[in-house]
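Chemist: Read off the chains here:
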Amino acid sequence: MNKTRAFIFAGSLGLTISSTLMAADDYITLASTTSTENSGLFDAIIPAFSKETGIDVRVVAVGTGQAFEIGRRGDADSLLVHDTAGEEQFVADGYATERQNVMYNDFVIVGPSNDPAGIRDSETVTDAMQRIAESESPFASRGDDSGTNRAELRLWEDADITPQGEWYRELGSGMGPTLNTAAGMDAYTFTDRATWVAFDNPQDLTLLFEGDEALFNQYGSLLLSAERHPHLKHDLAAQWHEWLVSDEGQQAIADYEVDGQQLFFPNAE
Amino acid sequence: MLTSDNAFSTALTLILGMDSALISIVALSLQVSLMAVVIASLIALPLGAALALWRFPGRNVMIVALNALMGLPPVVAGLCVYLLLSRAGPLGEWGLLFTPTAMVIAQVILVMPIIAALTRQQVEALHGEYAEQLNSLGLTRLRMIPTLLWDARFGLLTVILAGFGRASAEVGAVMIVGGNIDGVTRVMTTSIVLETSKGNLPMALGLGIILLALVTMINAIAHIIGETAKRRLG
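So the protein lines, in turn, are chains H and A. Quick note: the first sequence uses my numbering, first residue 7, plus one each step. Quick note: the second sequence uses my numbering, first residue 1124, plus one each step.
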């Protein structure tokens, strides 16, 4: 009796789970970055795409490094990431057939409001980073091979600095957790503007440096190779890829605002 | 400002609002964890009992391995299941990655050792007590398994609850194999991680309070069932 009940119970659980799975067959899996997910962009643009095409987009939000790995293994149908050099390499390696510029925003440096390194009046981002390194002010780095982390490391390189020492803290975390930690230890950190604007726990952190051209943050869409991974939903993924750079998609991106501030700027050619 | 007040009121607002997104997250959390515990129990209860009754070479190794696996980090279990189910992995053809089924598989791996190891210990103690009696009835070891499991049922209920606690509390495994996809594989724990990363701490803590309340409720139900059954049996 008890066993029968247990089996009925297990069976009904199984049914519920499989019915959840079968609910939408027309979907693609998109590997993207935490910055786009955390800022709420997808909640704003995916419904518009789904309404037009009937295709649902399931977003797995990870760092750009991990997104590339998911793409290489064939576990996602499409990629939307922000590391142009890495993306071009990805295409050159034959994992993707096409890369398109979709949108951009910029990186900013945030830090404790008393600004111990005095970067507020820096002329360039190189200058700002040199001041942080020279004053050995605590700096929280993502340290997770994400697009933001890669951009940060390139800027240290441009400034001729090898960031190391007790002041430079590699956290190995996503953007949100890194901001939480930076807020907790009054450290400077390097973040994309979208995550920063949508972030709710800044405590004493404030935006200290912005506006240098070197802080440009380009997002690109990758269409994965049908040859390498024939099981992927290429037709559906191609529709998504095309929609992102279409007038409708670009408009939807431009329309997304948090607190009256536009977070992503469409720039498809 | 973050105050516990704030988190409680957030939790209350969420519950009273019967937010449909929240309901589907709660439902999926329960489905995945309960399913994992049911499957793990079906494997682990007989396995634990068998380990208690049979003596064979390698038995001690198995017992130590099961005990050690009780401390398996969820993120390692998740990574193994990810590599197994990934398209580039041996079971990639099944296309199970980033589905609730993958989450159930990962949690079964986490829960199974706990239930098996603790079952072995309970059944071994019980067998020590009743060995003579059972032998005089001429029962084979195979026939002893259901008898001993049934006799140990109240203790085993706690064992299964320990397994459920592990399943419902972990986030490392379901995050990797589920992908925290909105409306598909997002559960309570991964939502809490997401809200924390957005800096929305009252919401994160509010969800934590709801999760804790749910787990308390399930434990209370199990406790009441156990007590009632005990009383009936006198």
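Keep in mind the hints are simulated off the structure, nothing from the lab. Quick caveat, the model's predicted, so the values are computed rather than measured. Take these hints with a grain of salt, some might be off.
What the hints assert, rightly or not - Simulated DEER-style distance windows between Cβ atoms:
#1 H:Asp166 / A:Ala1292: 32 to 38 Å
#2 A:Ser1147 / H:Val97: 34 to 40 Å
#3 H:Ala220 / A:Ile1146: 43 to 49 Å
#4 A:Val1187 / H:His237: 38 to 44 Å
#5 A:Trp1217 / H:Ser252: 33 to 39 Å
#6 H:Arg234 / A:Ile1146: 28 to 34 Å
#7 A:Ala1343 / H:Phe222: 19 to 25 Å
#8 H:Met191 / A:Ile1341: 37 to 43 Å
#9 H:Glu219 / A:Gly1218: 42 to 48 Å
As the list claims (entries may be wrong) - Stretch-level coverage of chain A by chain H, calculated; a stretch enters the list once three of its residues show a Cβ under 8 Å from a Cβ in chain H:
#10 1167-1179
#11 1218-1229
#12 1282-1293
#13 1298-1304
As the list claims (entries may be wrong) - Dumping the calculated EDC-like pairs for lysine to aspartate or glutamate here, alpha-carbon to alpha-carbon at most 20 Å:
#14 H:Lys57 / A:Asp1274
#15 H:Lys239 / A:Asp1274
#16 H:Lys57 / H:Asp32
#17 H:Lys239 / H:Glu58
#18 H:Lys239 / H:Glu104
#19 H:Lys239 / H:Asp62
C-beta: ideal position from N, C-alpha, C; glycine also.
Chemist: Take the hints in turn and mark each one as holding or not.
Modeler: Now for the hints, and whether the structure bears them out:
At roughly 47 Å, the beta carbons of Asp166 (chain H) and Ala1292 (chain A) sit outside the given window of 32 to 38 Å. Checked against the hint of 34 to 40 Å, the C-beta distance between Ser1147 (chain A) and Val97 (chain H) comes to roughly 37 Å, which is consistent with it. At roughly 46 Å, the beta-carbon separation of Ala220 (chain H) and Ile1146 (chain A) lies within the given 43 to 49 Å, and the hint holds. For the pair Val1187 (chain A) and His237 (chain H), the supplied restraint of 38 to 44 Å holds, since their beta-carbon distance comes to about 41 Å.
For the pair Trp1217 (chain A) and Ser252 (chain H), the beta carbons lie near 34 Å from each other, so the given range of 33 to 39 Å is met. Checked against the given bound of 28 to 34 Å, the beta carbons of Arg234 (chain H) and Ile1146 (chain A), roughly 40 Å apart, lie outside it. For Ala1343 (chain A) and Phe222 (chain H), the hinted distance range of 19 to 25 Å is not satisfied, since their beta carbons lie about 56 Å from each other. Hint check: Met191 (chain H) to Ile1341 (chain A), Cβ distance near 38 Å, so the stated range 37 to 43 Å holds.
Evaluation of the 42 to 48 Å hint for Glu219 (chain H) and Gly1218 (chain A) yields a pass: the beta carbon distance comes to about 44 Å. Coverage of the region 1167-1179 of chain A by chain H is violated [criterion: at least 3 residues with CB-CB distance below 8 Å; count 0]. With 7 residues having a Cβ less than 8 Å from any Cβ of chain H, the region 1218-1229 of chain A passes the three-residue criterion, so the hint holds. Counting residues of the region 1282-1293 of chain A whose CB lies closer than 8 Å to any CB of chain H gives 0, which falls below the minimum of 3, so the coverage claim is violated.
Coverage of the region 1298-1304 of chain A by chain H holds [criterion: at least 3 residues with CB-CB distance below 8 Å; count 3]. At roughly 58 Å between alpha-carbon atoms, Lys57 (chain H) and Asp1274 (chain A) are farther apart than 20 Å, so this suggested pair is violated. Only pairs whose Cα atoms come within 20 Å are accepted, and Lys239 (chain H) paired with Asp1274 (chain A) is rejected, the gap being roughly 53 Å. A hinted pair counts as satisfied when its Cα atoms are at most 20 Å apart, and Lys57 (chain H) with Asp32 (chain H) qualifies at roughly 12 Å.
Between Lys239 (chain H) and Glu58 (chain H), the direct Cα distance comes to roughly 18 Å. Compliance with the 20 Å bound is thereby established for this hinted pair. The suggested pairing of Lys239 (chain H) with Glu104 (chain H) holds, with an alpha-carbon distance near 15 Å, which does not exceed 20 Å. For the hint pairing Lys239 (chain H) with Asp62 (chain H), the CA-to-CA distance comes to about 12 Å; that is within 20 Å, so the pair holds.
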